[in-house]
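Chain order of the listed sequences is P and C. Just so you know, we're using the working numbering here: the first sequence kicks off at 1 and counts up by one. Just so you know, we're using the working numbering here: the second sequence kicks off at 1001 and counts up by one.
FYI, nobody ran anything at the bench for these hints, they're computed from the structure. Mixed in with the good hints there might be a few duds.
Which residues of chain C face chain P? A partial, calculated answer using Cβ under 7 Å [stated by the list, open to error]: (1) ALA1004; (2) GLU1015; (3) LEU1055; (4) SER1059; (5) ARG1062; (6) VAL1252; (7) ASP1256.
None of the values given here were measured: they were computed from a predicted structure. Every residue gets a Cβ at the ideal spot worked out from N, C-alpha and C, and that includes glycine.
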Amino acid sequence: MNPSSGWCSGCLRTIDEIAGWSHMSDDARRAVWVELAHRRRQASA
Amino acid sequence: MTAAERLPPAIRVLERGWLSSNNVLLFDDDGSATLVDTGYVTHREQTRELVRRALQGRSLARIVNTHLHSDHCGGNAELQRAFGATIHIPPGHADAVARWDEDELTFVATGQQCERFTYDGLIEPGSEIRMGGFAWQVHAASGHDPHSVVLWAPGPGVLISADALWQNGFGVIFPELEGESGFAEQRAILELIGSLAPRLVIPGHGAPFTDLGAALQRAHARLDALSASLERNARHAAKVLVKFYLLEVRKVTMQDLVDHVAGARYFRVINERYFRMPFDEFVRRQVTELVASGAAVMDGDTVLDSGG
Chain P
1 MNPSSGWCSG
11 CLRTIDEIAG
21 WSHMSDDARR
31 AVWVELAHRR
41 RQASA
Chain C
1001 MTAAERLPPA
1011 IRVLERGWLS
1021 SNNVLLFDDD
1031 GSATLVDTGY
1041 VTHREQTREL
1051 VRRALQGRSL
1061 ARIVNTHLHS
1071 DHCGGNAELQ
1081 RAFGATIHIP
1091 PGHADAVARW
1101 DEDELTFVAT
1111 GQQCERFTYD
1121 GLIEPGSEIR
1131 MGGFAWQVHA
1141 ASGHDPHSVV
1151 LWAPGPGVLI
1161 SADALWQNGF
1171 GVIFPELEGE
1181 SGFAEQRAIL
1191 ELIGSLAPRL
1201 VIPGHGAPFT
1211 DLGAALQRAH
1221 ARLDALSASL
1231 ERNARHAAKV
1241 LVKFYLLEVR
1251 KVTMQDLVDH
1261 VAGARYFRVI
1271 NERYFRMPFD
1281 EFVRRQVTEL
1291 VASGAAVMDG
1301 DTVLDSGG
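This is chain C alone, in the form it adopts within the complex (with noise of 0.2 Å):
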């Protein structure tokens, strides 16, 4: 029996991949439902199709999100178009989706794209919210994001930990590459999961799992890693940001890829701050980390994604 199968029948997880976040459809009392977290823009109507058939037939009232990365709310709008849901986000960067402002809500930081949208509501942590039948505790989890909530459901005992936790470690810990701080956060994030107890986590991304220990000793261990050397955080940020834009864009010239990731403030900061070298030079350094250890593949000048 996979982990999704011991899920209440209400909570149905549409399990993407890295480019765009999981999706949470709860099926609320009243017939309509809820959906957590939309996925990455350009994914955006093979979401709103995964959405219409899980659906089938009752309408979608509220999408939730754990937190504003691209690859989390990057279907907000669609599915807003879609099917007239509300969108509630955590309070943190209301203002800055108000405004859509694109460098505070990191999508320039990160050459990401999203398409606009705004919010009918907030969701504070401290609160509760009802989702598919159950009462939801919203926590506050920073560390990944400064922004970012996790849903915790004591009843079924079922937490949705966006990218505060992974079954294999967690989402990159933005604020400490521009002097931040992140690690301190993601530890409190990380106890607090384990003082909850869930029986059950639904990740941001990858399949849901039910061995927590396990998965909080491994990220405990990349915890300690990485805030034993910032360069070392640092460094995995730049492959991932790069693997990323690869996901998106699937091939990309050397040069259309140094242009692109010139563009994004987090690239230029880790350069400047841990490699301070030339930055096509540091561009292609990424681009060889990734080939050796089989996440790209080169074909004469052209970087393309290795579909794993």
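So that you can see chain P by itself, here it is in the shape it has in the complex (with noise of 0.2 Å):
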């Protein structure tokens, strides 16, 4: 996990949402991918 941004350094995905991942539903899924692209592009800037 990245420790200023909370997110883990692979998949950009905060602990809450790997832990919830298997659980969520197909469109809380689709809502974090559209977060994760905004995130990328945070990341590589």
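Make the complex out of the two chains shown on their own, each in a separate frame, by following the hints.
What follows is the structure, encoded as structure tokens:
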């Protein structure tokens, strides 16, 4: 995990998102995917 | 409703990626819990925090490993330190763990790492263990790894299938890379799983699933294709191992990748048997194929994991 952002350095998800992933609805997962695209841009900026 | 939501409340799946296997937490009758498989060593802090949250104050009494590949037991030592859990492993690699023989434990052959741990007990094929309030049968499941087991709970109809069956395929059949039998054993475990007919499968990687028939059909088709061509199995293995390393390091220069891969026995064996080309050319070829399939990206002379 990246200590400053709180994101997994590989998948850019938070601990809560990883922990809850298998119980999320498909819509909730898609929402995370959209958010991940933003984070990826931030992380590479 | 996702398949995971159909699980009994005493079973909680922490779905990870490919670098780390899934972790299955089972809440036992006495207020403690058992964890099946612990992920890769570079994820150990993340695994510890995920488990800590899921435990919600309960204690972690036991860790059980389906097999001792680095992506399934890399968090053992960290979780034992953090929670004081005892560690229970299939018997086949017990002596190798006691001696910490990294060669026999396949970490040298795959170019992967694992933190040393000690075990407290064995889970013997043919025996039963109680986890999450259910009785689980331990079944031998060689093929991907000669000493792997799968765990079957007839009560709730749930199978923890490790790398013997995923929703789309199964783990690399490593023994065949070195001329040992693995396809026949893989066929046998697929047939066994078919006869157990689980209502729900928790695989070692990927989401839990309920459509067993379709998964078995895909697995059998894949096994037929691989066993028809040892070379295809070996090419697949080489790409999987390079991709795993990219997942671990995320980016690496081509030269460092070649140097790393040269230290891993499986790569040398695969090249000697099937590619027979200069070693750096062999490694470049794997990268080229990973880039073509979108699994890696090149930036100058640096190879990056594509995140996909």
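Going through the hints against the structure:
no.: 1; hint: ALA1004; result: holds, 4 Å
no.: 2; hint: GLU1015; result: holds, 4 Å
no.: 3; hint: LEU1055; result: violated, 11 Å
no.: 4; hint: SER1059; result: violated, 18 Å
no.: 5; hint: ARG1062; result: violated, 20 Å
no.: 6; hint: VAL1252; result: violated, 14 Å
no.: 7; hint: ASP1256; result: violated, 19 Å
In the structure shown, a violation is registered for the earlier hints numbered 3, 4, 5, 6, 7, in ascending order.
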